[in-house]
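Engineer: Listed here are the chains, written in short residue letters.
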Amino acid sequence: MSLSIIKAGLLDTIQDTGRNGYGNWGINPGGAMDKYAAQVANMLVGNCCTAPLLEIHFPGPQILFEQNALIAITGADFEPMLNDEHIPLWQPVVTRKNTLLHFPKLNKGSTCYLSIHGGFCAEKWLNSYSTNLKAGAGGSNGQPLKKGDELNLKESTIYFAGLLRENKNLRVLPWHADVRSVYDDLSEILVIPGHEWPLLSEDSKKDFLDKEFSIHPSSDRMGFQLKGAELCMCRKIELLSSPVSFGTIQLLPDGQMIVLMADHQTTGGYPRVGHVISAHLPRLAQLRPGDPVKFKFTDIETAEKLLNMHDHQLKILQRACSNRLNELVC
Amino acid sequence: MPDTDYEIYSIGDAAVTLDFGNHIDKLLNRKALAIQQWIFTNTFPGLKDVIVSYSAVSVFFDPIAIQSLSPGKTSFQFISEKLKTAMKLTGYAEEGGEGSVVEIPVCYDSEFGYDLPYVSREKNLSTTEIIELHVSKIYYVYMLGFLPGFSYLAELNERLVLPRKPKPVPVVAGSVGIAGSQTGVYSLNCPGGWHIIGRTPLKLFDAGNSPPVWLKAGDHVRFKPISRDEFDHWV
Chain G
1 MSLSIIKAGL LDTIQDTGRN GYGNWGINPG GAMDKYAAQV ANMLVGNCCT
51 APLLEIHFPG PQILFEQNAL IAITGADFEP MLNDEHIPLW QPVVTRKNTL
101 LHFPKLNKGS TCYLSIHGGF CAEKWLNSYS TNLKAGAGGS NGQPLKKGDE
151 LNLKESTIYF AGLLRENKNL RVLPWHADVR SVYDDLSEIL VIPGHEWPLL
201 SEDSKKDFLD KEFSIHPSSD RMGFQLKGAE LCMCRKIELL SSPVSFGTIQ
251 LLPDGQMIVL MADHQTTGGY PRVGHVISAH LPRLAQLRPG DPVKFKFTDI
301 ETAEKLLNMH DHQLKILQRA CSNRLNELVC
Chain V
1001 MPDTDYEIYS IGDAAVTLDF GNHIDKLLNR KALAIQQWIF TNTFPGLKDV
1051 IVSYSAVSVF FDPIAIQSLS PGKTSFQFIS EKLKTAMKLT GYAEEGGEGS
1101 VVEIPVCYDS EFGYDLPYVS REKNLSTTEI IELHVSKIYY VYMLGFLPGF
1151 SYLAELNERL VLPRKPKPVP VVAGSVGIAG SQTGVYSLNC PGGWHIIGRT
1201 PLKLFDAGNS PPVWLKAGDH VRFKPISRDE FDHWV
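The listed protein sequences derive, respectively, from chains G and V. Position 13, counted from 1, in the first sequence is what our numbering calls 13; the numbers after and before it change by one each time, with no gaps. Position 159, counted from 1, in the second sequence is what our numbering calls 1159; the numbers after and before it change by one each time, with no gaps.
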């Protein structure tokens, strides 16, 4: 019971919400770049929010479903299509066997998520299905998906054929997730000041908060390089390596900054200018090369309040999706 | 250790660090390890990881879960209190004796130790002297980081201390490097900025093993020189 990769995309990997607890071995949590979109994708199809799913970059893959399936696409808008029909994002879709999912156009965003009811069969490594490319473990043999790969799916008890009309290849189910509050205003990113912030020169502090930076083309899952005003410390410091997190903004020797992303190294020795708040990591992850970004400081209380709001929304969504799915199949 | 200076600060809203300052000091590291062990032993919902570095210990957590443990406090306040308690209640992590030194075989052949000529010129030492200085010390593993299985060992004999390369270059897994007062083995192929003086046939990281890493913070390590022939036939 499977789907197959007819054409590989730029970088398609199996991810989940990551593997925690292995930092002392130098193994980072990894997982989806946009964990909000990934969790919503799973909830829409009635999966547990930590189920493995596909993270897709643009250009995306061409995927053939070899069986009927219930899927959802969330995150970036790469204009998903099943054969010649457009399908909406943030909404569950039943698809008939032998339909081809493809992504002809980049409209917005950076990473897109494909979930499937029941979840993918994938390699579990250190308690997670997410792909650790450096270690070559987890997901699909620790590798990105390539042409010819077949992914097996877990058995489902839902009779999808019964949900599809005779002459139709797909059916869009009538519930969707409203995620505007998470992704609106992509360009302002809230940040907690970093430990080395006081050591930046006064001009650099002004530049960090007033100027606009942009995402450099050589950005990837490990980090988003930023292009913009050159910053400097008011005195030279050599820091010993210490733990960093997803969202840590480091100042590099050349005066440019890098924001650490999902595949960041566990430790780093560069000055820490600030840390993007958890609630803004999804919108950060959806930025593309060339996109502008402006930083604004906030405090822990505000950061936690925003995260609570997201968590609250996710809990409501999960209950609602679960109920709607049950109504539909019973 | 009641008079030791330390600072507690957040690294974002989902991690807090207790930092003894920028020092390579075995005692501080063993205190960090003791705090880590205490937190693991006194775990709580929402705890994701506790990572030790040279002279700091960082707690990673889920702020939502922590909130429900202590309404009215931020998770920073909750975790800071845990760290302060751990500071008071712990001594130092036990140190392994001489018998627990891990021996790492290294071939210092010129093909593997391709930065030996550079180090030799910079430090005014012969290759033989460099190797002798590198193998005649027992090093302490302060932390793992950077890559799966990459261990930071210190302190090098001061005659070998020199700054890292200005830009990282591709390095082969097993390469033994030095930079600043540190030495270590690259566990995977990757870009690296340390000066490469040899190579070990050991796999310091193997995803298929349990645990997948060879060394951990608190271990002691000695390098043992082996010939090219021994390297090629290592089992």
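There may be inaccurate statements among the hints.
[To be verified] Here are the simulated PhoX-like cross-link-like pairs (lysine-lysine), alpha carbons at most 25 Å apart as the crow flies:
| hint | chain 1 | residue 1 | chain 2 | residue 2 |
| --- | --- | --- | --- | --- |
| 1 | G | 124 | G | 211 |
| 2 | G | 105 | G | 206 |
| 3 | V | 1216 | G | 236 |
| 4 | G | 7 | G | 146 |
| 5 | G | 315 | V | 1048 |
| 6 | V | 1073 | G | 296 |
| 7 | V | 1167 | V | 1123 |
| 8 | G | 315 | G | 294 |
| 9 | G | 105 | G | 154 |
| 10 | V | 1073 | G | 227 |
| 11 | V | 1203 | G | 315 |
| 12 | V | 1123 | G | 124 |
| 13 | V | 1048 | G | 305 |
| 14 | G | 124 | V | 1203 |
| 15 | G | 108 | G | 294 |
| 16 | G | 305 | V | 1203 |
| 17 | G | 227 | V | 1123 |
| 18 | G | 124 | V | 1167 |
| 19 | V | 1167 | G | 236 |
Since the hints were derived computationally from the structure, they do not count as laboratory data.
Engineer: A separate judgement is required for each hint: does it hold in the structure or not?
Structural biologist: Tested hints:
{"no.": "1", "hint": "124(G) to 211(G)", "in the structure": "43 Å, violated"}
{"no.": "2", "hint": "105(G) to 206(G)", "in the structure": "38 Å, violated"}
{"no.": "3", "hint": "1216(V) to 236(G)", "in the structure": "31 Å, violated"}
{"no.": "4", "hint": "7(G) to 146(G)", "in the structure": "7 Å, holds"}
{"no.": "5", "hint": "315(G) to 1048(V)", "in the structure": "21 Å, holds"}
{"no.": "6", "hint": "1073(V) to 296(G)", "in the structure": "24 Å, holds"}
{"no.": "7", "hint": "1167(V) to 1123(V)", "in the structure": "20 Å, holds"}
{"no.": "8", "hint": "315(G) to 294(G)", "in the structure": "30 Å, violated"}
{"no.": "9", "hint": "105(G) to 154(G)", "in the structure": "30 Å, violated"}
{"no.": "10", "hint": "1073(V) to 227(G)", "in the structure": "37 Å, violated"}
{"no.": "11", "hint": "1203(V) to 315(G)", "in the structure": "44 Å, violated"}
{"no.": "12", "hint": "1123(V) to 124(G)", "in the structure": "48 Å, violated"}
{"no.": "13", "hint": "1048(V) to 305(G)", "in the structure": "20 Å, holds"}
{"no.": "14", "hint": "124(G) to 1203(V)", "in the structure": "22 Å, holds"}
{"no.": "15", "hint": "108(G) to 294(G)", "in the structure": "18 Å, holds"}
{"no.": "16", "hint": "305(G) to 1203(V)", "in the structure": "45 Å, violated"}
{"no.": "17", "hint": "227(G) to 1123(V)", "in the structure": "38 Å, violated"}
{"no.": "18", "hint": "124(G) to 1167(V)", "in the structure": "35 Å, violated"}
{"no.": "19", "hint": "1167(V) to 236(G)", "in the structure": "18 Å, holds"}
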